[in-house]
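The lines below spell out each chain.
There are 2 protein chains.
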Amino acid sequence: MVMRGSLLFNNNRRTAQRFRQLAISAVGSSKIKLLLCFCIAFTVLLLLSRGSTLTEWTDSGPLDRSSSPGKGYAILMNTWKRYDLLKQSIAHYAKCPGLDSIHLVWSEPDPPSDSLQIFLQHIIRKNSRNGRQVELKFDINTEDSLNNRFKEIKDLKADAVFSIDDDIIFPCHSVKFAFDVWRSAPDQMVGFVPRKVCVESKEGKDYYSYCGWWSVWWTGTYSMVLSKASFFHKKYLRLYTNEMPTSIKEFVTENRNCEDIAMSFLVANVTDAPPIWVKGKIYEIGSTGISTLGGHSEKRTQCLNRFAAEFGRMPLVPTSMKAVDSRRMWFW
Amino acid sequence: MVMRGSLLFNNNRRTAQRFRQLAISAVGSSKIKLLLCFCIAFTVLLLLSRGSTLTEWTDSGPLDRSSSPGKGYAILMNTWKRYDLLKQSIAHYAKCPGLDSIHLVWSEPDPPSDSLQIFLQHIIRKNSRNGRQVELKFDINTEDSLNNRFKEIKDLKADAVFSIDDDIIFPCHSVKFAFDVWRSAPDQMVGFVPRKVCVESKEGKDYYSYCGWWSVWWTGTYSMVLSKASFFHKKYLRLYTNEMPTSIKEFVTENRNCEDIAMSFLVANVTDAPPIWVKGKIYEIGSTGISTLGGHSEKRTQCLNRFAAEFGRMPLVPTSMKAVDSRRMWFW
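Protein sequences, first through last, are from chains L and W.
Mapping of the first sequence onto the numbering used here: residues 430 to 761, in sequence order.
Mapping of the second sequence onto the numbering used here: residues 430 to 761, in sequence order.
If you are wondering where the hints come from, they were derived from the structure by calculation, not from laboratory data.
Hints may be right or wrong, so weigh each one.
Now the in silico label distances, taken between C-beta atoms and shown as ranges [claimed, not checked]: (1) L:E713 <-> W:H602: 49 to 59 Å; (2) W:D584 <-> L:S676: 56 to 66 Å; (3) L:E713 <-> W:Y512: 57 to 67 Å; (4) L:D513 <-> W:E727: 25 to 35 Å; (5) W:H602 <-> L:K634: 26 to 36 Å; (6) L:P600 <-> W:E727: 55 to 65 Å.
We treat Cβ as the ideally placed atom computed from N, Cα and C, and that holds for glycine.
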């Protein structure tokens, strides 16, 4: 048995050696080398060209169908004494395809300076591509209220409004993708920053609480997308201005908070459906905002309960849907 | 130098040994063991409970708001002489929450047998949970045409129609998720099986071609979701029945194909927006279908060009949006 075992072992070793020699000589041969190079090059090419077309077939029409008038979107940007951030934001978004016009919500005591206006006009002309003409308008308000953010804009050509803070930058392809998603669901808010409403029942009554990012991550559900980075239909500006209960608008002005929650309530009350959260990379260029101040979460919890009482119900609908760009996903 | 080097080495070795001993004795101690056990148990608990609530806070209302009448969906299932598959499908979908009614499109020469009807009624009663009453209706047709699939249903309570083949099973949570997505975009088709239209320009004229699954995977874009597994609004049944050009309906009947492409054209023509593809796991319980027959792709290419000529344009809009359930995603 020992003999047979060692013979087998010797045989195995010899076979293994033969295979190794064969493999080495084969790989060493120039033909195999060429084949290997070709395989590697082909794989690299394949990886690089995924998403573009290798053949003469292309998509049925370009993905960008937003070139016709009224088919683009308007940016609605709230700004407050941070001119450097404003310039940086406008310079960036002016480059984005599909953009029709930019509306700056101006609530400072002094009107925008001539130099600021000239600079912004110049940077927009310089950065908007393909001969597009992007309009810039200042919506100047005498009263300083967060409700100004959602004032009706009478001469808005685009149906889609991209509401964005002046200190957040999204890459143009993310904005374009969110716009495409919005076109499939034009009655909903479509945005990048989801938030959650938590509810606790005490003695048959519901108490709501504002749950932040971690809660969304933990449960995978949300019921709002913040209006600091979201698309919605322009009709909601009219509804906010004319139909929102005065008590809610007064609360927003007095507390300098929760105008976005009020807008989310309004949209959900109309549609009875949840908003849509779109995956996108956020670049925050500013450092401070009201959400970093102390007591922010408590104030927003207060808003939720107060607004729910005003609406007579909690209109927000929870969901777990996330819209992702399948061109940017490898694993399905 | 050599001396110093070896001293250093000895010192290092001694320090390492001391650390090793310390570590071993520490791990060996019962307190540390307990701590380790606690850490492992906590991690396992954390992983298991993700998605459920650890605290007393829960979602604002259940994610399932489809319990009120008219808020659910109806299943519209085309079936043809495959009673085993039919029974299996119905038994499965009867379990799914949100289901209001099942409409079986019956185009066989003989009406459904009593035994089949009794069996299906029984299995639905048995499987539908929480005291729900799921209605079963046979839509019996005298003519055998694929247009029967989209005949108007006059007494449909639900707005949402889930059109599904009898040989495809989706888990209830996938169906529920797609239904939730549809509620955010009720004018669109929302489905699990995306397909792509490719276009080639020859002498200023566009020629369309039907591109399958691989093309969708490769480019990440699509312009249809197949009606063999998709949600749409019941109004499209009325539009298909009453507004679809007769020539297209005749073509569908004669060729026994492309009724789903015709429906996609109709919806896109109304909305001018793309459908929505929802991620979901498909279980195909049958083995054959027209898509496995030879010449399937050529016939569908023919349909695309013919229907585009009838509509006077290509209404289908390409997109790259994919709706995923964020409760089932770990990496964002």
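We went through each hint and held it up to the structure:
| no. | hint | in the structure |
| --- | --- | --- |
| 1 | L:E713 <-> W:H602: 49 to 59 Å | violated, 35 Å |
| 2 | W:D584 <-> L:S676: 56 to 66 Å | violated, 44 Å |
| 3 | L:E713 <-> W:Y512: 57 to 67 Å | holds, 60 Å |
| 4 | L:D513 <-> W:E727: 25 to 35 Å | violated, 60 Å |
| 5 | W:H602 <-> L:K634: 26 to 36 Å | holds, 31 Å |
| 6 | L:P600 <-> W:E727: 55 to 65 Å | violated, 40 Å |
Of the hints listed earlier, those the structure fails to meet are numbers 1, 2, 4 and 6, in rising order.
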